Amino acid sequence: MPPFTPVLLEAVGIPNGHTLASYRSRGGYAPLEQILREKQPVDVVEMVKASGLRGRGGAGFSTGLKWSFLPKDHPGPIYLCINADESEPGTFNNRILMEDDPHQVIEGIILAAYATRATTAYLYLRYEYPQSWERLQGAIDEAYAAGYLGSAIKGSSFSLNLYLHKGAAAYICGEETGLIESLEGKRAWPRIKPPFPAVEGLFRKPTVVNNIETMACVAQIARRGIDWFRSIGVPADPANPRDPGSYGPKLYCLSGHVERPGCYEAPLGITARQLINEYGGGVWKGRRAKAAIPGGISMGLLTEAELDTPLDFAGPGRVGCLGLGTAAVVVIDETVSIVDFLHNSCRFFAHESCGQCTPCREGTAWSLRMLERIKAGKGRLKDLELLAEIGNTMGMMPGSTICGLADGAAWPIKNAIKKFRGEFEDYIKTTNPTGWMVTDPVPALQIVGAH
Amino acid sequence: MAEHTSIMTAPKRILTDAMIAEIEALAPRYPDRRALTLPALHIVNDALRHVPLQAVVEIAAVLGLAPAEVQDTLSFYAFFPQDKPAGEVRAWVCRSISCALRGGEEVLEHLCHVAGIEPGGTTTDGTLTIEPAECLGACDFAPCMLAGKELHKNLTPESAAAFVRATQKRFVRP
Ligand SMILES: Cc1cc2nc3c(=O)[nH]c(=O)nc-3n(C[C@H](O)[C@H](O)[C@H](O)COP(=O)(O)O)c2cc1C
Ligand code: SF4
Ligand code: FES
Numbered sequence: 001m002p003p004f005t006p007v008l009l010e011a012v013g014i015p016n017g018h019t020l021a022s023y024r025s026r027g028g029y030a031p032l033e034q035i036l037r038e039k040q041p042v043d044v045v046e047m048v049k050a051s052g053l054r055g056r057g058g059a060g061f062s063t064g065l066k067w068s069f070l071p072k073d074h075p076g077p078i079y080l081c082i083n084a085d086e087s088e089p090g091t092f093n094n095r096i097l098m099e100d101d102p103h104q105v106i107e108g109i110i111l112a113a114y115a116t117r118a119t120t121a122y123l124y125l126r127y128e129y130p131q132s133w134e135r136l137q138g139a140i141d142e143a144y145a146a147g148y149l150g151s152a153i154k155g156s157s158f159s160l161n162l163y164l165h166k167g168a169a170a171y172i173c174g175e176e177t178g179l180i181e182s183l184e185g186k187r188a189w190p191r192i193k194p195p196f197p198a199v200e201g202l203f204r205k206p207t208v209v210n211n212i213e214t215m216a217c218v219a220q221i222a223r224r225g226i227d228w229f230r231s232i233g234v235p236a237d238p239a240n241p242r243d244p245g246s247y248g249p250k251l252y253c254l255s256g257h258v259e260r261p262g263c264y265e266a267p268l269g270i271t272a273r274q275l276i277n278e279y280g281g282g283v284w285k286g287r288r289a290k291a292a293i294p295g296g297i298s299m300g301l302l303t304e305a306e307l308d309t310p311l312d313f314a315g316p317g318r319v320g321c322l323g324l325g326t327a328a329v330v331v332i333d334e335t336v337s338i339v340d341f342l343h344n345s346c347r348f349f350a351h352e353s354c355g356q357c358t359p360c361r362e363g364t365a366w367s368l369r370m371l372e373r374i375k376a377g378k379g380r381l382k383d384l385e386l387l388a389e390i391g392n393t394m395g396m397m398p399g400s401t402i403c404g405l406a407d408g409a410a411w412p413i414k415n416a417i418k419k420f421r422g423e424f425e426d427y428i429k430t431t432n433p434t435g436w437m438v439t440d441p442v443p444a445l446q447i448v449g450a451h
Numbered sequence: 001m002a003e004h005t006s007i008m009t010a011p012k013r014i015l016t017d018a019m020i021a022e023i024e025a026l027a028p029r030y031p032d033r034r035a036l037t038l039p040a041l042h043i044v045n046d047a048l049r050h051v052p053l054q055a056v057v058e059i060a061a062v063l064g065l066a067p068a069e070v071q072d073t074l075s076f077y078a079f080f081p082q083d084k085p086a087g088e089v090r091a092w093v094c095r096s097i098s099c100a101l102r103g104g105e106e107v108l109e110h111l112c113h114v115a116g117i118e119p120g121g122t123t124t125d126g127t128l129t130i131e132p133a134e135c136l137g138a139c140d141f142a143p144c145m146l147a148g149k150e151l152h153k154n155l156t157p158e159s160a161a162a163f164v165r166a167t168q169k170r171f172v173r174p
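Sequences listed follow chains E and A, in order. Everything in the first sequence is counted per the working numbering, starting at 1 for the first residue and increasing by one. Everything in the second sequence is counted per the working numbering, starting at 1 for the first residue and increasing by one.
Excised from the complex, chain E in its bound form (with noise of 0.2 Å):
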């Protein structure tokens, strides 16, 4: 069994681990009643930020930091927004947080809350989580009862109400600006940046939205401490100043072609194929593996010889990744085809782009026909241009769209057109002999599966 003793997942196998009685014997809410008794908000915001704690939602900004931008001596009201829309391809940590420990996400959610001055938060929780739904409802009514929440918690002058909202089955509404038009009942259109959330969010106030995890590891900090925090993982660069390096614990999911699907806690900094061999058993039915998503599907492509590449904040940006991601680790073993692997991810980003964008509308739809042309056979080595110039141009790095689900979209096409470039060539020459190396446009009535 792999070393690291799960802190996040300690719930995990507990009988009747989610409840507050369980919590509590664990030693859960006891931190929350000595901060609220002891120390002011700024004592908290500095100790997330001393943790050195990195959002575990997918952009790893400092947690702590994210908290030190809302505006000082604000009337409010201030608003936190809990994300748990989490439908990233390949992930389900918060899923396990929510349904198996719900009082430690709630535990710091308050410490939050406090920390913000935040006397409202919202937890929007993707439609899928019905269970999720219920064990957070039932822990939320238990933490009422236990004078956890509501106002004067615990005899403080602090109050807080914390609120489930349910999603609607849409994957741009976990982008934070989607998240907070979604919750003002509007289409989920994330918004145009600056202004921040931190200074204009949801109904138009300063806003904090969080991730389950991170408020799972804010609790942890103010159990365990920031000594504890910073001993796991990987240190920041010395040589680097500008790297807040990679520390605590992370939840790693693991799914695919591995023999043990799963979510595994481990130091971040554990390279792909650690988790897949000590973790996951190895890849499934012994045999090899083509390639592995090394933080959900927007994250890009692991070949098998990048899978010693450490899983923190710039690990997989090192070998051409767009990050870690949600750390979401999804295994394809030797025998699939890249070109269905690449179609996959291009339908899922067409059916989401939320349409906003004209290049990120446009260039989801025209690279699923184009995948959707070269599986039927009728691909031309020009597309492979056409796929890379369009994951060249869209998304917010190239500087083309609001948000970044178009650079989501973008990196699985660069990197699989990079890192596999021959075997697309070779399907596309064995598939079409007699029109691959044609380079007229295509006449838009032979498009297969146009709409």
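Some hints could be false.
Claimed, not checked - Below are the DSS-like pairs computed for lysine-lysine, each with C-alpha atoms no more than 25 Å apart in a straight line:
(1) A:Lys84 - E:Lys186
(2) A:Lys149 - E:Lys166
(3) E:Lys205 - E:Lys166
In case anyone wonders, no lab produced these hints; they're calculated from the structure. Just so we're clear, the structure is a prediction, and the values are computed from it rather than from any experiment.
Please arrange chain A with the ligands on chain E, whose structure you already have, making use of the hints.
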């Protein structure tokens, strides 16, 4: 003649008092009634398995919004059926990467085949709607499906077929 009168007289109200009370109970949570849009759509959809246009107009009246505002939000999500109710059980079958790698697309095809419908369709007896879905956040149980509130894990063609038969039996009218 009869058609004319039906246009002239006010149509029968769709939102029940209970639904309106449920919506109003949530109102104190939000500083702006527009934020009640999604909760209201869910309340109506949970009860009727669709949200017809007239219900949209009524929700808008309850929330003090233009019907177009509610319809705009509704249509964005492609989640709330409008023309006719979804089946008594609505099943979402995951087609995203982790499930696709473990046979998710084949499971979807097989489910539809056994139920005799196309993806997105509803069986003629109205018991079952089968829709393709993106990642359900249960990739550790791939391939999987969410049917109503129940997660069906590690599906095989056999368990998929058994699910269709059991659902149709459950709702069959004597
Ligand atoms: C297209 C898109 C989808 C996203 N989906 C999620 C999500 O489901 N959950 C999440 O926590 N963050 C998601 N994010 C990141 C959020 O925008 C935001 O960075 C995060 O919720 C902040 O929380 P954190 O700092 O605690 O990580 C998404 C971002 C993009 C661009
Ligand atoms: S990048 Fe895509 S998903 Fe994001 S706002 Fe623009 S169109 Fe919508
Ligand atoms: S890919 Fe099917 S549940 Fe995640």
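Now for the hints, and whether the structure bears them out:
In summary, the hint linking Lys84 of chain A to Lys186 of chain E is supported, as the alpha carbons are separated by about 24 Å, within the 25 Å threshold. Pair hint Lys149 of chain A plus Lys166 of chain E holds up; C-alpha atoms about 14 Å apart against a cutoff of 25 Å. Restraint check for Lys205 of chain E and Lys166 of chain E: satisfied, since their Cα atoms lie roughly 21 Å apart, inside the 25 Å limit.
Of the numbered hints listed earlier, not one is contradicted by the structure.
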